[in-house]
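Chains as they are written, first to last, in my numbering: chain A, 2 to 452; chain B, 2 to 494.
If you're looking for bench data, these hints aren't it; they were derived computationally from the structure. Since we're looking at a predicted model, the values are computed, not measured. For each residue, glycine too, the CB sits at the ideal point set by N, CA and C. Treat the hints with care, since some could be wrong.
Pairs of lysine-lysine residues, derived as BS3-like cross-links and limited to a Cα-Cα distance of at most 30 Å, are as follows [what the hints assert, rightly or not]:
hint : chain 1 : residue 1 : chain 2 : residue 2
1    : B       : 44        : B       : 57
2    : B       : 473       : B       : 493
3    : A       : 350       : B       : 57
4    : A       : 443       : B       : 456
5    : B       : 429       : B       : 456
6    : B       : 260       : B       : 44
7    : A       : 343       : B       : 175
8    : B       : 182       : A       : 227
9    : B       : 225       : A       : 350
10   : B       : 343       : B       : 260
11   : A       : 343       : B       : 182
12   : B       : 343       : A       : 70
13   : A       : 232       : A       : 204
14   : A       : 204       : B       : 429
15   : B       : 182       : A       : 358
16   : A       : 358       : A       : 343
17   : A       : 416       : A       : 358
18   : A       : 427       : A       : 360
19   : A       : 232       : B       : 57
Have a look at the derived ranges for each label pair, beta carbon to beta carbon [as the list claims (entries may be wrong)]:
hint : chain 1 : residue 1 : chain 2 : residue 2 : range
20   : B       : 472       : A       : 341       : 38 to 46 Å
21   : B       : 221       : A       : 358       : 48 to 56 Å
22   : A       : 199       : B       : 455       : 41 to 49 Å
23   : A       : 344       : B       : 59        : 50 to 58 Å
24   : A       : 344       : B       : 314       : 23 to 31 Å
25   : B       : 492       : A       : 342       : 16 to 24 Å
26   : A       : 362       : B       : 234       : 41 to 49 Å
27   : B       : 59        : A       : 415       : 15 to 23 Å
28   : A       : 344       : B       : 284       : 44 to 52 Å
29   : B       : 226       : A       : 344       : 24 to 32 Å
30   : A       : 193       : B       : 472       : 20 to 28 Å
31   : B       : 284       : A       : 342       : 55 to 63 Å
32   : A       : 199       : B       : 314       : 47 to 55 Å
33   : A       : 230       : B       : 420       : 33 to 41 Å
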Amino acid sequence: MPRHFRRFGLALIAALAGAATLAAQSAPRVTFTDTKMKNGLRVIISEDHSAPVFSIAVTYNAGSRDERKGRTGFAHLFEHMMFKGSEQVGPGEHFMLVFNNGGNMNGTTNKDRTLYFETLPANQLDLGLFLEADRMWSLEITAENLDNQRNAVQEERRLGVDNQPYGRTFEAVDALAYENFAYEHSVIGSMDDLTAATVDDVKQFFRTYYAPNNAILSVVGDVNTKDVLAKVSKYFDRIPAQPAPAVVDMTEPAQTAERRQTLEDPLARLPRIDMAWHTPGSFAPDDDALTVLATVLSSGRSSRFYEAIVRQAQLSSGVSAFSAGTRGPGLFQVIATALPGKTIADLEKAIDAEIEKVKTGPIQDWEITKARNSQKRAFVGGLGSSLQKAVNLGQYALFANDPNLINTYIDRINKVTAADVQRVAKQYFVNTNRTVVITNPKAAAGQEGVR
Amino acid sequence: MNARKSAIVVVASLAASTMLIAATPAGEQGGAPPQSSKAVVMKGRAPVSTEMLHIKLPRPVETDLPNGLHLMVLEDRRAPQVSFQIIIPGAGGYFDPAEMPGVSSMTAAMMREGTTSKTTQQIAEMLETMAANVNVGGSLSGVTATISGSSLTENFDATFGLAADILLNPTFPKDEFDRYKSRTAAGLVQQRSNPSFLANEMFARMVYGAHPAARVAMNADVLKAATTETLAAFHKSHYVPDHALLAIAGDISMADARKLADAKLAAWKKAGTPAPTVQDPPAIGPARVSLIARPNSVQTSLWVGTQGISRTSPDFDIVTVMDKVIGGGPTGRLFVHLREEKGYTYGAYSQMSTGQYRGSWLASTDVRTEVTEPALKDLMAEIARMRDEPVPTKEFEDAKRSLVASFALSLESPTAVLSNHVSRWLYKLPVDYWDKLPERISAVTVAQVEAAAKKYLEPTRLQIVAVGDEAKVGPVLKQFGTVDVYDTNGVKK
Chain A
2 MPRHFRRFGL ALIAALAGAA TLAAQSAPRV TFTDTKMKNG LRVIISEDHS
52 APVFSIAVTY NAGSRDERKG RTGFAHLFEH MMFKGSEQVG PGEHFMLVFN
102 NGGNMNGTTN KDRTLYFETL PANQLDLGLF LEADRMWSLE ITAENLDNQR
152 NAVQEERRLG VDNQPYGRTF EAVDALAYEN FAYEHSVIGS MDDLTAATVD
202 DVKQFFRTYY APNNAILSVV GDVNTKDVLA KVSKYFDRIP AQPAPAVVDM
252 TEPAQTAERR QTLEDPLARL PRIDMAWHTP GSFAPDDDAL TVLATVLSSG
302 RSSRFYEAIV RQAQLSSGVS AFSAGTRGPG LFQVIATALP GKTIADLEKA
352 IDAEIEKVKT GPIQDWEITK ARNSQKRAFV GGLGSSLQKA VNLGQYALFA
402 NDPNLINTYI DRINKVTAAD VQRVAKQYFV NTNRTVVITN PKAAAGQEGV
452 R
Chain B
2 MNARKSAIVV VASLAASTML IAATPAGEQG GAPPQSSKAV VMKGRAPVST
52 EMLHIKLPRP VETDLPNGLH LMVLEDRRAP QVSFQIIIPG AGGYFDPAEM
102 PGVSSMTAAM MREGTTSKTT QQIAEMLETM AANVNVGGSL SGVTATISGS
152 SLTENFDATF GLAADILLNP TFPKDEFDRY KSRTAAGLVQ QRSNPSFLAN
202 EMFARMVYGA HPAARVAMNA DVLKAATTET LAAFHKSHYV PDHALLAIAG
252 DISMADARKL ADAKLAAWKK AGTPAPTVQD PPAIGPARVS LIARPNSVQT
302 SLWVGTQGIS RTSPDFDIVT VMDKVIGGGP TGRLFVHLRE EKGYTYGAYS
352 QMSTGQYRGS WLASTDVRTE VTEPALKDLM AEIARMRDEP VPTKEFEDAK
402 RSLVASFALS LESPTAVLSN HVSRWLYKLP VDYWDKLPER ISAVTVAQVE
452 AAAKKYLEPT RLQIVAVGDE AKVGPVLKQF GTVDVYDTNG VKK
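So here's chain A without its partners, still in its complex pose:
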C-alpha cells in the first residue's frame, strides 16, 4: 500500500471563479488556521469549496531515521500495522470504509516521517476523522497480523528492490555516502531485521511515536473550519499526550575523501553510474540554489545534461539530477545509464565536464527563468488538489515548523540568482565530498549480456 514519495510539489489556493486574470498576476495565498489542541495535536485547516471533496493528512514525526540497529525497516512495517485494526475498527475495515464510500487513501513512510491520508466526498468528514483518531488512540496488535504484514512488506522489498535491476544500487549509495546510521540504512530495511521485529516492538513504537503531540493533522477542502475543530476535539481529545521522543542525533561527519564502490547486478543489462554529494537538508538556505541547480542540469531536453550527454555525445538515454529532499543532512544525486557500447568512464567524464562548466562558466538568464517558472507551474498545478495541499501543509509544518511555506516557498526560489547557483555548485561539487557507485550487469547463465 505505501509508496515512497521523493518530494512533494507546491500547492496554492484556488482563485475565485472569474478572478483568474487577477490570480495570474497577483499572488493568491492559501489561507489556513493553525491550532494546537490540549493534547499537543497540531491541527491545520484550509477551506476550499471548489469541489465536494476534502482530504485529511496525518503526518507523524517518525521515520526510518528513528529506527535502532537491528530493526531497520520497522517504521514502515509499523505503518502497515495501522491498517490492521484498532479499538473500534476491524482489521482491513479502514480501507473498506474509505473505498466503499467513494474515497481514496494510503500510507507512506520515508526517512523523516510517516504519512497517512484519505480523500473523501464532503459528507464523510466524521468518518475520516474517526478513523484517524481511533488508530491514534489504540492499536489491536496481534502476532498473526504482524506476521501477515511482515510477509506483505517482505514482498514489497522483493518487488521494489531484490527483483528489480539496480534495486540494490539505491541502498548502496546511502550506505556508502552516510556514516550516521539514521540515514545510512534504507526505509524498506533488511530481510533479517524485518524477520526479527516483534509484537513488543510494535507496541513500544506506537506508544513512543504515535502520540498526538508527535503528529500534525491537516484537513483541506470542502469543510467548515469551526466544524472541523469541533469534530477533532470530539474524536481526538481523549488521546493523551506522551513524553516527547528522544531527539535523534543526525550529525553527519564531514567527508574527507571520495568514496567509490562497484556493484555487480545480475538483473541489469546496462551499466549505470550514481553520484552523490553531501548537502544541507530541505529548506536550509542553500537548498533553494541547489534546487535551481538541479533544474539547470537535468530538467527537460533544454537541460545541460540532456543537450551535452544525451543528444550530442549520445552516451546515455537520460541523466537525472536532484536533491534528495531530506529533512536532515541531504544528498545531491546524479544518475545515468550508459547506452550500449558506451563506457561508464566516458559517461563519468562527460558528467564531470558539465559540472565543471556550471562551476566556472556563465549561467544564462533563461535557465534561471526556467527554474522560477517551473516552481510557479508546480504551485499553480497543485491548486485543485485538496490532498496535495493537506500533505504540503503537514510537511512544511514538520520539516520547517512553517506551514506558510506553502505560500512563501516560491518567493525563495524567485530570489535565487545565477551567482547563487554557481556558488553552491563550487561549494558542494568537490570530489572529497562525493560518493560514486557504479553498477555493472553480471551476465547470468542463459542470459546474454548486452554491452
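Guided by the hints, dock chain B onto chain A, whose structure is given.
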C-alpha cells in the same frame, strides 16, 4: 436493505447536471463482513454519513469547425492554467504499414524534433522556459495519435502555437532521427530486465495473436530500417483533421479557444479521408501457460487473463462491476485474499482494458518464488468463484457504491472531467452518458455479473503468463496446463 440503498438521483440541466449520491444506507454498517475472510473484520462502529451528496457535473461546450475538427471546451477558472489535447483517430499504431509496425510511434516521437522554423533545441528551450509542455504520442497498438500540452494561462497562446507548428510543419531531420534510434534501441534492451515488461509482452501475444493489439514494444529491425521519408509520408497521410478532436480545459472561454484554433490551425485542411475503422482481434487461442525464464528472479510475476470487451460493449458496466469485486483496489477479493489473508504478495489486482476493438481482462500479482503454486491456485480459485457463485448482496452494493461515489473525487480536476467527455466523443456515447452513470451502475444485478463472469472468464480461454525462476517454477506450472518456456528475449526454448 431498503429503497435507499440505490437512491441515486440524476437531474440534468443545460450546462451542468446534478448527481445525488447516496451514502451507505442507514443501519447497514453493522451488517455481515463483505466477504468471508478473517483478514477483514467489519466492526460497524464508524460514523458513516447517510446524507445525500449533491454533485454538479460540469459539461464542456462543443462545436464543429469547417475542417472537420470537433472542438470541446471546459471552462474552469479555478487556477490560471490551460491544458489541451488534439486526438487524431487513424494516426495510431493500429494503422502502421503492415511490414513496419512502430511507424506511428516513431512519427509521433520525431514530430517535436524540428519544424520548418525551429530546431529541436529551440522547441525545448521555448517550452521549458515557460514551464509549458507539449507531447506527441502514438501507441503501438492504439487507434489514435495525440498531441497534448499545458501551460500557465499567460503562456497558453505561445504554447498552443508551438503545438500547432509541431503538428503542421515537422521536418523529421535525419541527424535527430539517428540520435532517436540509438536512444530507443537502448530502451529496447533495458526494458527486457523488467519483469512487468516481459509479462506484458507475452500476455499481449497470447491474448491477441497477430492482431496489432499484441504490439507492446518496438521491433529493433524495424527501428533500424525506418527512414525519415517513411515518417514524413505517415504524417502527411494520417495527421488529418477530418475526424479529429481538440479538447481544452481550464482558464479559457469557448470564444477565445475558437479564435486560437482558427488562428493557429488555419493551415490544417480537410483531407477527405474516410473515418478509420478497426477490427476485433481473432478469437483467442486455447488456454496455455507461458513461462518466461528470468534468471535470478526472487519473485514470480503472475498474469492471468483473456480477451474482454470493447468500450462500447453493452456489457461494459456489468464487467466494470465484476472487475471491481474481484480485483479493483484494496477492497477487491484478490487483495484481501492473497495479501491480507495469505501474505503472498504486496498487491494483487485486476484490470480491464477497453478501446475501439475487443480488449482484455487481466488479474496480476507478484509473489515470492516459493509460494507460486498456492498463490496461483488461489488466484484461479477467485476467478472460479466469480463464475460459480453469486456475489453476496452487501459486497455487491459496496462495490457499486464505491464506483459511483468515487466520481465526486474526479471533480477536483478539470482535466479528469474533460477526459470523461473525450471518451464519450471517442466512443460515440450518448451526450448524457456521464450524468446517467449512477443509474446505470445501480441497475447492474448480481445475476448479470455472474453471467458475465461465466461468459468472459471461461477457463478454456484463460491465458497464464509467469515470469520467474524456471527451475523452481517450471515444474509447479505443469498442473495448470501445457507450459511453453521462453527466454527473456521472447524466444521459445
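Status of the hints after comparison with the structure:
1. A C-alpha spacing of about 33 Å is found between residue 44 of chain B and residue 57 of chain B, which places the hinted pair above 30 Å, so the restraint is violated.
2. Under the criterion of a C-alpha separation no larger than 30 Å, the hint pairing residue 473 of chain B with residue 493 of chain B is consistent with the structure, at around 18 Å.
3. With a CA separation close to 58 Å, the supplied pair residue 350 of chain A and residue 57 of chain B exceeds the 30 Å bound.
4. Taken as a hint, the residue 443 of chain A and residue 456 of chain B pair is broken in the structure, with Cα atoms around 46 Å apart against an allowance of 30 Å.
5. This hinted pair checks out: residue 429 of chain B and residue 456 of chain B have alpha carbons roughly 25 Å apart, not beyond 30 Å.
6. Straight-line distance between C-alpha atoms of residue 260 of chain B and residue 44 of chain B comes to about 58 Å, which puts the hinted pair past the 30 Å bound.
7. Of the supplied pair hints, the one linking residue 343 of chain A and residue 175 of chain B holds, its CA atoms being roughly 22 Å apart against a limit of 30 Å.
8. For a cut-off of 30 Å, the pair hint linking residue 182 of chain B to residue 227 of chain A is broken: about 60 Å separates their Cα positions.
9. This hinted pair checks out: residue 225 of chain B and residue 350 of chain A have alpha carbons roughly 29 Å apart, not beyond 30 Å.
10. Of the pairs offered as hints, the one joining residue 343 of chain B and residue 260 of chain B is violated, with about 59 Å between alpha carbons and a cut-off of 30 Å exceeded.
11. Under the criterion of a C-alpha separation no larger than 30 Å, the hint pairing residue 343 of chain A with residue 182 of chain B is consistent with the structure, at around 15 Å.
12. Using a Cα cut-off of 30 Å, the hinted pair residue 343 of chain B and residue 70 of chain A holds, with the two alpha carbons roughly 29 Å apart.
13. Pair hint residue 232 of chain A plus residue 204 of chain A holds up; C-alpha atoms about 27 Å apart against a cutoff of 30 Å.
14. A threshold of 30 Å between alpha carbons decides the hint, and for residue 204 of chain A with residue 429 of chain B the separation of about 57 Å lies outside it, so the pair is violated.
15. The suggested pairing of residue 182 of chain B with residue 358 of chain A holds, with an alpha-carbon distance near 28 Å, which does not exceed 30 Å.
16. Between residue 358 of chain A and residue 343 of chain A the CA atoms are separated by roughly 22 Å; this keeps the pair inside 30 Å, and the hint holds.
17. Pair hint residue 416 of chain A plus residue 358 of chain A holds up; C-alpha atoms about 22 Å apart against a cutoff of 30 Å.
18. For the hint pairing residue 427 of chain A with residue 360 of chain A, the CA-to-CA distance comes to about 5 Å; that is within 30 Å, so the pair holds.
19. Note on residue 232 of chain A and residue 57 of chain B: the hinted pairing holds, with a Cα-Cα distance of about 27 Å set against a maximum of 30 Å.
20. The hint said 38 to 46 Å for the Cβ distance between residue 472 of chain B and residue 341 of chain A, and at roughly 29 Å that hint is violated.
21. For residue 221 of chain B paired with residue 358 of chain A, a C-beta distance near 35 Å fails the hint of 48 to 56 Å.
22. Roughly 47 Å separates the CB atoms of residue 199 of chain A and residue 455 of chain B, a value that falls within the hinted 41 to 49 Å.
23. Under the hint 50 to 58 Å, the C-beta atoms of residue 344 of chain A and residue 59 of chain B, about 55 Å apart, fit the expected range.
24. Remark: the range hint 23 to 31 Å for residue 344 of chain A to residue 314 of chain B is contradicted by a beta-carbon distance near 53 Å.
25. Our hint of 16 to 24 Å for residue 492 of chain B and residue 342 of chain A holds, since their Cβ atoms are close to 23 Å apart.
26. Taking 41 to 49 Å as the suggested C-beta distance range, the pair residue 362 of chain A and residue 234 of chain B conforms, at roughly 43 Å.
27. Restraint check, residue 59 of chain B to residue 415 of chain A: a C-beta distance of roughly 34 Å breaks the suggested window 15 to 23 Å.
28. The hint said 44 to 52 Å for the Cβ distance between residue 344 of chain A and residue 284 of chain B, and at roughly 50 Å that hint holds.
29. The hint said 24 to 32 Å for the Cβ distance between residue 226 of chain B and residue 344 of chain A, and at roughly 28 Å that hint holds.
30. A C-beta distance of roughly 25 Å is found between residue 193 of chain A and residue 472 of chain B, which places it inside the suggested range of 20 to 28 Å.
31. Between residue 284 of chain B and residue 342 of chain A, the C-beta spacing of about 44 Å breaks the proposed range 55 to 63 Å.
32. Between residue 199 of chain A and residue 314 of chain B the C-beta distance comes to about 52 Å, which sits within the given range of 47 to 55 Å.
33. Between residue 230 of chain A and residue 420 of chain B the beta carbon distance is about 37 Å. The supplied range of 33 to 41 Å therefore holds.
Hint compliance for this structure: hints 1, 3, 4, 6, 8, 10, 14, 20, 21, 24, 27 and 31 are broken, all remaining hints hold.
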